Amino acid sequence: MSDAEQLRDQVTELRVQSRARARVALAEGILVERYRLADAQAAFALLRQASQRANVKLHQLAAAVARTPGPAPGEETWIVRRAPLPTPDLAVLGAGQLDATNQGEVLGAALRRVLSVTDTDMGNVQLVEDDILRMAKHAGLPRQFTDYFAFVDGNTSCARAAAASHQVTVKEVASSAGFDDDTRRVILSSGSRACHSVPLVDDQNTVRGVISSHHARPLAGFSQTQLRALDGTSRALGTWIRWHRQTVLVDALQDLHRLALASRG
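18 is the number of the first residue of the sequence shown in the numbering used here; add one for each residue after it.
Take these hints with a grain of salt, some might be off.
Unchecked claim - Pairs of lysine to aspartate or glutamate, EDC-like flavour, derived with a Cα cap of 20 Å:
id	residue 1	residue 2
1	K74	D164
2	K74	D147
3	K188	D248
4	K74	D272
5	K74	D116
6	K74	D148
7	K188	D220
8	K188	D148
9	K188	D199
10	K74	D136
11	K74	E146
12	K74	D268
13	K188	D198
Unchecked claim - Label pairs and their in silico Cβ distance ranges:
id	residue 1	residue 2	range
14	D136	L115	20 to 26 Å
15	R245	Q66	18 to 24 Å
16	N119	Q221	22 to 28 Å
17	T85	D198	38 to 44 Å
18	D220	T118	15 to 21 Å
By construction, these hints were calculated from the structure, which means they are not laboratory data.
Just so you know, these numbers come straight off a predicted model, no measurement behind them.
For glycine and all other residues, C-beta sits at the position ideal for the given N, C-alpha and C.
Using the sequences and the hints given, assemble the complete structure.
This is the structure we're talking about:
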């Protein structure tokens, strides 16, 4: 690897760390002020404890803290729960009995399903957070790729699929006009010559993320049977993401609230 390539990788890594840290820092500040905590370290400890107990990513809990109106003063419950959503049916993923509360398990099953349908071993899942696609799961892709696409809000196939709410095929990355030079370089260096992006759409037609498959050779396209199978996965996973955020993540916020109140004695 040349000095220039090493420098680009270091800049990318610092960019990822900075963007990831910003949301957590905002949540820490909110918690310190709301609960009169000693410092940001105390807030981080509470976030980490609540995220581990709920088996959700710390950055997802931090984002929920930042976007969710705070509890009323003196209230022991943060959020008044509406009627519970039914647990989504994940049978279409073809993975047997899944723990619907386990995000890693469900996303992994969905990614394997998409890679099976598209006949490749390279792919990734990105979830929408604050109007940006954030990497959540990947397979067969090098770190340079996953770092570079850790956050996506530009003109890529996954961003286009999310914006248009329909599947997008890039038959040949090298000749596609849909990438800038740096993005094209990273994709090609990962061994991907073509890609296909599937938006994850819930039962209210809201895009919740994207699954992309990457291919070692240019693509001719997919059959209608394959596209329908991918659409079924899209709908099942999109609906599950909505359920997860309105149940598991809400429970994590409730637990965080109780932990924070208890920490004040």
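Structure-based check of each hint:
Distance restraint check for K74 and D164: the Cα-Cα separation of roughly 17 Å lies within the 20 Å cut-off, and the hinted pair is therefore satisfied. In summary, the hint linking K74 to D147 is supported, as the alpha carbons are separated by about 15 Å, within the 20 Å threshold. For the hint linking K188 to D248, the alpha-carbon distance of about 19 Å falls within 20 Å, and the restraint holds. Under the criterion of a C-alpha separation no larger than 20 Å, the hint pairing K74 with D272 is consistent with the structure, at around 14 Å.
Pair hint K74 plus D116 holds up; C-alpha atoms about 16 Å apart against a cutoff of 20 Å. Among the hinted pairs, K74 with D148 is consistent with the structure: their alpha-carbon atoms are about 18 Å apart, no more than 20 Å. At roughly 29 Å between alpha-carbon atoms, K188 and D220 are farther apart than 20 Å, so this suggested pair is violated. Restraint check for K188 and D148: not satisfied, since their Cα atoms lie roughly 27 Å apart, outside the 20 Å limit.
Proposed proximity of K188 and D199 is supported: the alpha carbons are some 19 Å apart, at most 20 Å. Distance restraint check for K74 and D136: the Cα-Cα separation of roughly 30 Å exceeds the 20 Å cut-off, and the hinted pair is therefore not satisfied. For a cut-off of 20 Å, the pair hint linking K74 to E146 stands: about 12 Å separates their Cα positions. A hinted pair counts as satisfied when its Cα atoms are at most 20 Å apart, and K74 with D268 qualifies at roughly 13 Å.
A threshold of 20 Å between alpha carbons decides the hint, and for K188 with D198 the separation of about 17 Å falls inside it, so the pair holds. In this structure the hint that D136 and L115 lie 20 to 26 Å apart at CB holds, the actual value being about 23 Å. Separation of R245 from Q66 is about 43 Å and departs from the stated range, judged on CB atoms against 18 to 24 Å. For N119 and Q221, the hinted distance range of 22 to 28 Å is satisfied, since their beta carbons lie about 23 Å from each other.
Roughly 40 Å separates the CB atoms of T85 and D198, a value that falls within the hinted 38 to 44 Å. Roughly 19 Å separates the CB atoms of D220 and T118, a value that falls within the hinted 15 to 21 Å.
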